[in-house]
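Start from chain A and add chain B according to the hints.
Those protein sequences? They're chains A and B, same order as listed.
Note that our numbering has the first sequence beginning at 15, numbered continuously upward.
Note that our numbering has the second sequence beginning at 15, numbered continuously upward.
Just so you know, the hints here were simulated from the structure itself, not pulled from any lab data.
No experiment lies behind these values; they were computed from the predicted model shown.
One or more of the hints may lead you astray.
Identical copies look the same in the list; a pair holds intra-copy or inter-copy alike.
[What the hints assert, rightly or not] Below, simulated DSSO-like cross-link-like pairs (lysine-lysine); rule was C-alpha separation at most 27 Å, straight line:
| no. | residue 1 | residue 2 |
| --- | --- | --- |
| 1 | 141 | 220 |
| 2 | 220 | 209 |
| 3 | 130 | 141 |
| 4 | 73 | 130 |
| 5 | 73 | 141 |
| 6 | 320 | 130 |
| 7 | 320 | 209 |
Number of protein chains: 2
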Amino acid sequence: MSAVIAGFPDHAVLTEVGPRDGLQSEPIFVPTSEKIALIQALLDAGLRRFEITSFVSPKAVPQMRDAAEVLAAFRDREDAHLTALVPNMRGAEAAIEAGVDAMVLFASASESHNLKNVNRSRTASLKGFADVARLAEGTGVRLQGAIATAFGCPFEGEVDARAVVDQARAYVDLGMDYITLGDTTGMATPALVVKRVQALRPVLGKSTTLALHFHNTRGVGLACAYAGLGQGITHYESSIGGLGGCPFVPRATGNVATEDLAYMLMESGVETGTDLDRLIRAAQLAERIVGRELPGQVMKAGPRLKTASMDSVRTANG
Amino acid sequence: MSAVIAGFPDHAVLTEVGPRDGLQSEPIFVPTSEKIALIQALLDAGLRRFEITSFVSPKAVPQMRDAAEVLAAFRDREDAHLTALVPNMRGAEAAIEAGVDAMVLFASASESHNLKNVNRSRTASLKGFADVARLAEGTGVRLQGAIATAFGCPFEGEVDARAVVDQARAYVDLGMDYITLGDTTGMATPALVVKRVQALRPVLGKSTTLALHFHNTRGVGLACAYAGLGQGITHYESSIGGLGGCPFVPRATGNVATEDLAYMLMESGVETGTDLDRLIRAAQLAERIVGRELPGQVMKAGPRLKTASMDSVRTANG
Numbered sequence: 015m016s017a018v019i020a021g022f023p024d025h026a027v028l029t030e031v032g033p034r035d036g037l038q039s040e041p042i043f044v045p046t047s048e049k050i051a052l053i054q055a056l057l058d059a060g061l062r063r064f065e066i067t068s069f070v071s072p073k074a075v076p077q078m079r080d081a082a083e084v085l086a087a088f089r090d091r092e093d094a095h096l097t098a099l100v101p102n103m104r105g106a107e108a109a110i111e112a113g114v115d116a117m118v119l120f121a122s123a124s125e126s127h128n129l130k131n132v133n134r135s136r137t138a139s140l141k142g143f144a145d146v147a148r149l150a151e152g153t154g155v156r157l158q159g160a161i162a163t164a165f166g167c168p169f170e171g172e173v174d175a176r177a178v179v180d181q182a183r184a185y186v187d188l189g190m191d192y193i194t195l196g197d198t199t200g201m202a203t204p205a206l207v208v209k210r211v212q213a214l215r216p217v218l219g220k221s222t223t224l225a226l227h228f229h230n231t232r233g234v235g236l237a238c239a240y241a242g243l244g245q246g247i248t249h250y251e252s253s254i255g256g257l258g259g260c261p262f263v264p265r266a267t268g269n270v271a272t273e274d275l276a277y278m279l280m281e282s283g284v285e286t287g288t289d290l291d292r293l294i295r296a297a298q299l300a301e302r303i304v305g306r307e308l309p310g311q312v313m314k315a316g317p318r319l320k321t322a323s324m325d326s327v328r329t330a331n332g
Numbered sequence: 015m016s017a018v019i020a021g022f023p024d025h026a027v028l029t030e031v032g033p034r035d036g037l038q039s040e041p042i043f044v045p046t047s048e049k050i051a052l053i054q055a056l057l058d059a060g061l062r063r064f065e066i067t068s069f070v071s072p073k074a075v076p077q078m079r080d081a082a083e084v085l086a087a088f089r090d091r092e093d094a095h096l097t098a099l100v101p102n103m104r105g106a107e108a109a110i111e112a113g114v115d116a117m118v119l120f121a122s123a124s125e126s127h128n129l130k131n132v133n134r135s136r137t138a139s140l141k142g143f144a145d146v147a148r149l150a151e152g153t154g155v156r157l158q159g160a161i162a163t164a165f166g167c168p169f170e171g172e173v174d175a176r177a178v179v180d181q182a183r184a185y186v187d188l189g190m191d192y193i194t195l196g197d198t199t200g201m202a203t204p205a206l207v208v209k210r211v212q213a214l215r216p217v218l219g220k221s222t223t224l225a226l227h228f229h230n231t232r233g234v235g236l237a238c239a240y241a242g243l244g245q246g247i248t249h250y251e252s253s254i255g256g257l258g259g260c261p262f263v264p265r266a267t268g269n270v271a272t273e274d275l276a277y278m279l280m281e282s283g284v285e286t287g288t289d290l291d292r293l294i295r296a297a298q299l300a301e302r303i304v305g306r307e308l309p310g311q312v313m314k315a316g317p318r319l320k321t322a323s324m325d326s327v328r329t330a331n332g
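Same shape as in the complex, but just chain A:
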């Protein structure tokens, strides 16, 4: 199937964030061997880009205390691009030492969320990033930037487009060639995606990749990705099974599920290099690892053309 929708790219690249963003909020430590098994299953399903761990204080986030070990298991895979979240200089030193391909630096587009999330001002965050950039010079380790609350802030409401644009410009000035807009609490809407992408285009130019990371908190995560495709965006971040919640809303879902996103892309004629059956098996493994049902939908319903026996079901008039 070739791209059937006008303006859509013919391929897209998915970055799997489940091992970091998904598992980070799990209260019970997931054994290192299980993390490695999950990542291996995702590699087997064709994914090649991973936000694989986070080099943070083991006291603050015990779940990520095995960051170096997890990375060591995969850093010799030449075909895999492995990034890690890095909140400060100490984390950056550890990430470089451990052999990441790129470090992900993150700050929020809204001041309150940045204060709440990393306990410093946005200006202080950017200053810290400059220090990390100097540390990375000559190491071959690239820098990526994430803009949290890029579509809205849970404390402040709407976020000014200018704050997002200015932050992206600062990231470019620091040498980042990959910038993610993070939909931290599910406030992205398709219309806002169109606006953000159009506002950022002149700032980023052709040498910087713009990636979109949506949460399905209000059900429109895939519709937002669909809007991104219409703008020609080729990079998306997602989490297998939809691992990872929304810290603000107990019953709400968080990250868009990788297999659901891959399904929509494939069915839109956008090549992803992934195998849906294997993604579904990886999502089922993720469910077993965390011991509860995950919000991914395709893992429950199965591929589109999986037919049922006429004897197996009761129908309900339409």
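For chain B alone, kept in the frame of chain A given last:
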């Protein structure tokens, strides 16, 4: 907010199918007074079109045995358009007698599903519709047509576009001015929506309304609606809270949730005439009525700009 996405209509009309499609599969009888309270809450939220009940054999579907009573509670509302599903002549007689605005006749685009669903061939279904059309003549009661499995069949897989087009043409010939494409088991994809709408346009012309009814079984229900909007489609069917399951997949969700769809439309600058807070309250009422969590997402997360206190939450780095 005006329509911000190129090609989108500036308004859309939602038909609420929860009272029929949603409740029909509930195993325990929902008291008539609770059905009426739910419909009243939906009217209060601004909805004006309802598939309100089904005139079927009370033995086959005991949940709908109070069809006439439910209809009687609202038929004097001049501003509400009330339809009922009608499977045969006996149902049509009862529906006309009860005072519906329109009868919804339904057949599948795939032979196996039609056989399984209504125990007759597609040809026999169409012949039956002609009898109903004669019965309706001169009564002022309109006819609507639903095409089930319009995006795929759980038994046969892909459904030929010609089968859908031919069925729509037959519906037009029977005098139907409103035709719904039903995504019976969640096999619609955005690309297929574009194809179906484009294939049907020449058949339907300007005097027939095309409505889209999606299931969120594989997570892409709202993305499908988004694709429909891009084609200028203004009529959508949905179910409050996402009431109604998928009879083929135990853990999968069914109908797109009305409040989630309304949220996406509003945020896309498409006017719906509904009040989101009241839709959320109606969805919460639906949850209380069926006594379990429903899949709607906005009802859990709340409106987009509902802000949290900075003291109330723990964040998780991005």
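So, going through the hints one by one against the coordinates:
1. 141 with 220: Classified as within; 26 Å inside a copy, 60 Å across copies.
2. 220 with 209: Classified as within: same-chain Cα gap 18 Å, cross-chain 32 Å, threshold 27 Å.
3. 130 with 141: For residue 130 and residue 141, the Cα distance is within 27 Å only inside one copy (18 Å; across copies 66 Å).
4. 73 with 130: within (18 Å within a copy, 59 Å between copies)
5. 73 with 141: within (24 Å within a copy, 72 Å between copies)
6. 320 with 130: between (46 Å within a copy, 17 Å between copies)
7. 320 with 209: Between copies only: 21 Å across chains, 38 Å inside a chain, cut-off 27 Å.
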